[in-house]
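Take a look at the letters that make up each chain.
There are 2 protein chains.
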Amino acid sequence: MGLLEICKNAKAAKYEVQKLMAEKKNKALIAVADRLIKEAEYIKSANDKDYENGVKNGMHKGMLDRLKLDDKRIEAMAEGLRVVASLEDPIGQEIEHFERPNGLFIKKVRVPLGVIGIIYESRPNVTADAFSLTFKSGNAAILKGGSDAINSNIAITKVIRDALCDEGICADAVQLIEDTDRSVTTQFMKMNDYVDVLIPRGSAGLIKAVVDNSTIPVIETGTGNCHIYVDKDADFEKAIPIIINAKTQRIGVCNAAESLVVHEAVKDEFLPLFAKAMKEHNVEIRSDAEAKSVLTDSKDATEEDFGKEFLDYIISVKTVKSVDEAIDHINRYNTGHSESIITENKEAAQKFLDMVDAACVYVNASTRFTDGFEFGFGAEIGISTQKLHARGPMGLKELTSYKYEILGEGQIRG
Amino acid sequence: MGLLEICKNAKAAKYEVQKLMAEKKNKALIAVADRLIKEAEYIKSANDKDYENGVKNGMHKGMLDRLKLDDKRIEAMAEGLRVVASLEDPIGQEIEHFERPNGLFIKKVRVPLGVIGIIYESRPNVTADAFSLTFKSGNAAILKGGSDAINSNIAITKVIRDALCDEGICADAVQLIEDTDRSVTTQFMKMNDYVDVLIPRGSAGLIKAVVDNSTIPVIETGTGNCHIYVDKDADFEKAIPIIINAKTQRIGVCNAAESLVVHEAVKDEFLPLFAKAMKEHNVEIRSDAEAKSVLTDSKDATEEDFGKEFLDYIISVKTVKSVDEAIDHINRYNTGHSESIITENKEAAQKFLDMVDAACVYVNASTRFTDGFEFGFGAEIGISTQKLHARGPMGLKELTSYKYEILGEGQIRG
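Read top to bottom, the protein sequences are chains W and C.
Letter by letter, the first sequence follows residues 55 to 468 of our numbering.
Letter by letter, the second sequence follows residues 55 to 468 of our numbering.
Because the hints were derived from the structure by calculation, they are not lab data.
Each hint should be verified, as a subset may be incorrect.
[Stated by the list, open to error] DSS-like, lysine-lysine: derived pairs with alpha carbons at most 27 Å apart:
id	chain 1	residue 1	chain 2	residue 2
1	W	K375	C	K92
2	W	K451	C	K405
3	W	K162	C	K405
4	W	K362	C	K244
5	C	K362	W	K62
6	C	K78	W	K405
7	W	K292	W	K330
8	C	K62	W	K362
[Stated by the list, open to error] Listing some non-contacts, in silico: residues in chain W with all C-beta distances to chain C over 12 Å:
id	residue
9	N111
10	I208
11	G306
12	T454
Note that the structure is a prediction, hence the values are computed from the model and not measured.
Beta carbons are placed, not taken as given, at the ideal position from N, Cα and C, and that holds for glycine.
The following block holds chain W by itself, in its conformation from the complex (with noise of 0.2 Å):
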């Protein structure tokens, strides 16, 4: 199906998901899931030849991995569309009314985006994920998957489409771009007339090609240039584990840590205990003039490595003279995902809540924990590193947009 026909029919689509009551959805979620594990022969054979197809080509073993799907994770994908068939419904909820003085009685409703492109690489699982959050919110969408993973998109998304016929729901409630040449994908986000917004997911190289080049409405996510600060007055019995985690506990991942900022005050007596639990943990220390004093052992850190999401068993050292510093430091290189400030000085604290420019900003909690399920939204379709729209997880009401109803009695304008 050409790629017209796709937009005009999400267009269509969107209309028909927006009435759609939660018990529907929710029941179509269900129908969803267990289709999915009834045809997962069918999904692991279509598998099958993408993970051929990356054999063949020498596609990389972590991105290998990442593409097969066996029982278990099918099982995890059903289990995804479970638990987001089990959240509250966000559509049609009044956020606020008010009423004017001349009468004028205004509510604003909680409505669906409408139509939502979603780009991404190759972990077929986004397929149902992606399905599932745009769904229950209220919103038809068109996916454009990696052309690696296409034979199991196309199964995942035909599964999905079978299941919501039978439950009678317009199939066009979810879209695959099966066409993999990348003019496609160029075109697609230039679809103004018939999508609401496009949501990037994957690498920062598609990330930034997608802000470049879409005239939609992007949401960026993803790029995560973390810091940990461990400020003159850290608790280090807080410091290290916190280090520990949000550095090593999954390397790949975009809240993930990538650079200490020490306070000179503290360095001599901290950074040993640091370079101790990195040597333990395996992880690469590349530190400024001022800690390599201390670190003598480190490598050290040119100005790209500060700018740097490592995403591996790295981690750069920079040090301070002050909170004041840090900020400005982390302000300058960071992507404004997640921060986190160690201290048992209030002040310290504080300052750097109000002055950090990030998302998420910690005191004494490590930066893995932003996530849409760790906050309790129960499911995410992405972490927003922009400041329009939403910041930080985005959960079922990240997917909203919101409408004025205006009840008047033949109310004009004087």
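Please arrange chain C on chain W, whose structure you already have, making use of the hints.
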């Protein structure tokens, strides 16, 4: 000053502006208002240059009128600043808070967007207006006005900056791009590292150019192809004054009505009343074939007419068989701005409210109420016609974002 330097200054200034307490901002806004009055001669003489250039370049009379600054208009600018000073400061407000089972305390607080770029056309009063709203909401602003008003804008910006300096506030809270070369505007739209949001204000052409070229998130404002739907159960005594008001009270504004949609069951009775009212207000009617059987004197409406924001004494008429067809027609041709149904039928009204895809949906009231002042916001930077971030009238709150502040006691993720 070069564009990059302006952007860097703005990024530095945003950290200063976000810290300012409401009282200090309000005092500064009043000082700016006083200074504008005091410097009226200076501003008028700069404006004279623009006006003379306009005359020389054959500028349209309506445009020349919008360009002109006299004492009354300068007083109105100052009054606008005083009104904004009196409004509640949204910054620092707690939106919500919640505690997680692991003891993390999460607070969602309102913060400025950061650096807001505003690209606008020839009305120089927008300069003071845009400054007041962005400043009160804790943002730094970079303004790019039309070249036709460049001397006026330079003078107004200088007066504002001088007043800020005297108040001990960083003058870079507001900067004007003085270079009127188009390529500078295009570069400005790619300054993602410095500018958080772009808001275009002006014609449909300007807005489209910004949407098409900007890589910075844009809030689309303005274009309004607004409809009045007269249902079969309409009270004509409400319908006629509402249509007159929506169409003719101010023809050049985005919340003016451009099209009448009428139920066929009432066309014979209603359209003659409508035609009489339009004739009295010198409004040209362009009808579809069904309406033409009654409005025999009217012009034929073309397909193009239904998609047009006339901004003129012209109205199109479309006949429909049901409220559903009215909704379909509106959703096909509207710009997501403001739509109104005239009916005494609650079911039809509810369906219209639920299904029409627009920022503001009215029952028995004029579309002219879509306005920040009419909504009680005290002021507005524009009317958003997109669904991301803000929809409808945008006041101070719509110029903010939020951040999560998370307080822990050493929590790490398991």
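Status of the hints after comparison with the structure:
At roughly 45 Å between alpha-carbon atoms, W:K375 and C:K92 are farther apart than 27 Å, so this suggested pair is violated. Under the criterion of a C-alpha separation no larger than 27 Å, the hint pairing W:K451 with C:K405 is consistent with the structure, at around 23 Å. For a cut-off of 27 Å, the pair hint linking W:K162 to C:K405 stands: about 16 Å separates their Cα positions. Our distance criterion of 27 Å between C-alpha atoms is met by W:K362 and C:K244, whose separation comes to about 21 Å.
In summary, the hint linking C:K362 to W:K62 is supported, as the alpha carbons are separated by about 21 Å, within the 27 Å threshold. Proximity of C:K78 to W:K405 is assessed by CA-CA distance (about 19 Å); at most 27 Å being required, the pair is judged to hold. Taken as a hint, the W:K292 and W:K330 pair is honoured in the structure, with Cα atoms around 15 Å apart against an allowance of 27 Å. As the CA atoms of C:K62 and W:K362 are separated by approximately 21 Å, the hinted pair is consistent with the 27 Å bound.
For W:N111, the non-interface assignment is confirmed: its Cβ lies about 31 Å from the closest Cβ of chain C, beyond the 12 Å cut-off. Separation of W:I208 from chain C is adequate, the least Cβ-Cβ distance of about 29 Å exceeding the 12 Å criterion. At roughly 15 Å, the least C-beta separation between W:G306 and chain C is larger than 12 Å, which holds for a residue marked as non-interface. With a minimum CB-CB distance of about 9 Å to chain C, W:T454 fails to clear the 12 Å threshold, and the non-interface call is violated.
Of the numbered hints given earlier, the model fails hints 1, 12; all others are met.
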